[in-house]
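**Student:** So you can see what is in the structure, the chains are spelled out below.
Number of protein chains: 2
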Amino acid sequence: MTTDSFKLTIHMVMSLDGIIAKPDNSVEWFETVDIYEKGVSGQNPEDFLKTIDCYIMGSRTYEHAQELSKNYGWPYGTTPTIVLTSRNLPEKRKNVEYYNGSLNQLVNERLKTTYRNVLLAGGADLARDFIRLKLADEIRLSVLPILLGEGKLFFDHIGKENALHLKDVTAYKNGMVELWYEIKK
Amino acid sequence: MTTDSFKLTIHMVMSLDGIIAKPDNSVEWFETVDIYEKGVSGQNPEDFLKTIDCYIMGSRTYEHAQELSKNYGWPYGTTPTIVLTSRNLPEKRKNVEYYNGSLNQLVNERLKTTYRNVLLAGGADLARDFIRLKLADEIRLSVLPILLGEGKLFFDHIGKENALHLKDVTAYKNGMVELWYEIKK
Chain A
1 MTTDSFKLTI HMVMSLDGII AKPDNSVEWF ETVDIYEKGV SGQNPEDFLK TIDCYIMGSR
61 TYEHAQELSK NYGWPYGTTP TIVLTSRNLP EKRKNVEYYN GSLNQLVNER LKTTYRNVLL
121 AGGADLARDF IRLKLADEIR LSVLPILLGE GKLFFDHIGK ENALHLKDVT AYKNGMVELW
181 YEIKK
Chain B
1 MTTDSFKLTI HMVMSLDGII AKPDNSVEWF ETVDIYEKGV SGQNPEDFLK TIDCYIMGSR
61 TYEHAQELSK NYGWPYGTTP TIVLTSRNLP EKRKNVEYYN GSLNQLVNER LKTTYRNVLL
121 AGGADLARDF IRLKLADEIR LSVLPILLGE GKLFFDHIGK ENALHLKDVT AYKNGMVELW
181 YEIKK
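Protein chains in written order, with my numbering: chain A, 1 to 185; chain B, 1 to 185.
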């Protein structure tokens, strides 16, 4: 049985030049120091994140989150989290499971039957696969007011043209702009 | 003598995945078909363009504009236009001149003494040079609601980190979002 409404959203934080990770993986650039007077308060689409009932991510995003959790806490709380990997990962957190297989099967046989709002938290290659396979419904990009100049591009020649529908734009007091699109199918 | 206020703005239209030109240089993707109800009318920052008293661009952007002008008209009107090139270009429009030399000299000895609002209309390599040399003051990016998947990236690893200040965000009825930043120096 499929739930009434199902949505898989890709969410990424990137620099204006489209970079999601610096070559050294440092994350201090997330702490922007800009002030945009007209912006709304807060730093995250909190209300949106409250609706998420499952996170999915690649193994390197997972490992990176594990590493960061030592200083910043685990960002996904007790929400079920599925790590897509063909690697043998050494440790497993509570509420985390590993998946190795077809993305179509994952979405259609597993996610759609159980969850309503799934968020793909990274990485870029996985997001590209979901877009190519038409398995992603929406994209939320949080654009920080910085040019990084070097690093991992989020959209690195995904190879497929896809029209979008702009759903909303929100500018925050810290200079972050959130662009929210529906991926047309 | 330098004019009271001088500003050099980089202005580009790009897809959400940061692409400014498709591999075949076709431009039909500029004509988006999205509808964003909350957006403002119009398709361009018209008031801003009225303030521009000089355009600068690379030779390929110029040639591309020449080509497009056969169907769409010359986009820069009678405003003085400087084409930065070391190539021998075959034809020259009225109000257009060629410049071959140092960008620092161009800005400091030529543009700042004559103009107030200069717009760099492309291409990407030239924009990168201006950013690297700290000669650009602002960036206005018009983001169209499309993923192109392949083509020329605007910010293609510019190699230098640079903080930005968000000045304004405007979403248009056609789904285009204009992001306006000051480049911190």
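For the record, the hints were derived by calculation from the structure and aren't laboratory data.
The reader is advised that the hints may include incorrect statements.
To be verified - Estimated spans, in silico, between C-beta atoms of each pair:
id: 1; chain 1: B; residue 1: Q66; chain 2: A; residue 2: K160; range: 38 to 48 Å
id: 2; chain 1: A; residue 1: G159; chain 2: B; residue 2: D125; range: 22 to 32 Å
id: 3; chain 1: A; residue 1: K167; chain 2: B; residue 2: E161; range: 27 to 37 Å
id: 4; chain 1: B; residue 1: N88; chain 2: A; residue 2: Q66; range: 51 to 61 Å
id: 5; chain 1: B; residue 1: V40; chain 2: A; residue 2: S5; range: 27 to 37 Å
Don't be surprised by glycine CBs; every beta carbon is placed ideally from N, CA and C.
**Student:** Determine for every hint whether it applies to the structure shown.
**Tutor:** Cross-check of the supplied hints:
1. B:Q66 / A:K160: 38 to 48 Å: Since B:Q66 and A:K160 have Cβ atoms about 31 Å apart, the given range 38 to 48 Å is violated.
2. A:G159 / B:D125: 22 to 32 Å: Taking Cβ atoms as reference, A:G159 and B:D125 lie about 23 Å apart, which means the hint holds.
3. A:K167 / B:E161: 27 to 37 Å: holds, 31 Å
4. B:N88 / A:Q66: 51 to 61 Å: Hint holds: Cβ distance 58 Å, inside 51 to 61 Å.
5. B:V40 / A:S5: 27 to 37 Å: holds, 30 Å
Checked against the numbered hints listed earlier, the structure breaks hint 1 alone; every other hint is satisfied.
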